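Sequences are here, hints too, so could you generate the full structure?
Protein chains: 2
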Amino acid sequence: MTSTKKMVVEWKGNLRLEAKNEKGLTIQFDAPKEHGGEETALSPMENVLAILATCSSFHVLTILKKKRLNVTVYSVEAVAERREDPPPRVFTKIHLKYIVEGTNITLEAVESAIKLSEEKYCSVGGMLQKAVPITSSFEILKEG
Amino acid sequence: MTSTKKMVVEWKGNLRLEAKNEKGLTIQFDAPKEHGGEETALSPMENVLAILATCSSFHVLTILKKKRLNVTVYSVEAVAERREDPPPRVFTKIHLKYIVEGTNITLEAVESAIKLSEEKYCSVGGMLQKAVPITSSFEILKEG
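Top line first, the protein sequences correspond to chains A and B. Per this note's numbering: the first sequence = residues 1 to 144. Per this note's numbering: the second sequence = residues 1 to 144.
Calculated directly from the structure, the hints in this document are not laboratory data. Each hint can be trusted.
Identical copies carry no separate label here, and so any pair may be met within one copy or between two of them.
List of simulated lysine-lysine pairs, DSBU-like, C-alpha gap at most 35 angstroms:
#	residue 1	residue 2
1	Lys120	Lys65
2	Lys120	Lys142
3	Lys33	Lys66
4	Lys67	Lys120
Remember, predicted model here, so these are calculated numbers, not experimental data.
Right, here's the structure in full:
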């Protein structure tokens, strides 16, 4: 069973581009100043880390909610090492650190949610892990 | 030679998340309604297509500019087929269609710029092509 997804990316001058989905939602991109851009928006490679962390978080948050755990604060720090030479300037490793805070959060629940997300559900990770090693860790800030 | 890149993704309620780079630039994400989101922003998988097309465009536009070609209108349509079942719901193929308009644009210049970008310079494509077959085509709307 498959579906189709379409995006249109339009040039807005220099290295600024705007992407639009089929419902009209848009997002802006720009390049870093050292590569000729004006830094008015995030770069594509910064977005690689952002979408990997976000995609995995969709599933982690959904699983924790289904377990009736009360997450109050949640974030992910994504850090990557990037090869600068020779091109393409790909990431050579990525680490995600999940930080979860809540009133009844347990280590086992967070660990299992992250494992399920990363190994089974996260689509972005399912693709990216074929190109770059991805590791993760987590921290629970407060336990109820 | 390597560099490091860091992004922080923060949960903003339900399935809304905000990613921030080290300079403070931010981007919003949300999930489609059929997956529990509110569609206030693009989804991570829509962004996969957006950043692939944008990354490649950075190099295509830069190469065409270096060749002193006068591009006036430029866009890319990115279409992907997505496996819906079993998870992860990865893309199984991606096609990019570049559309270039300008006053002195030649078929050879566009073809060579796309080839260089896709085969040598585009970092996002350099990673994604290890996970999914990517094809491309192009159209020149007006020749000078």
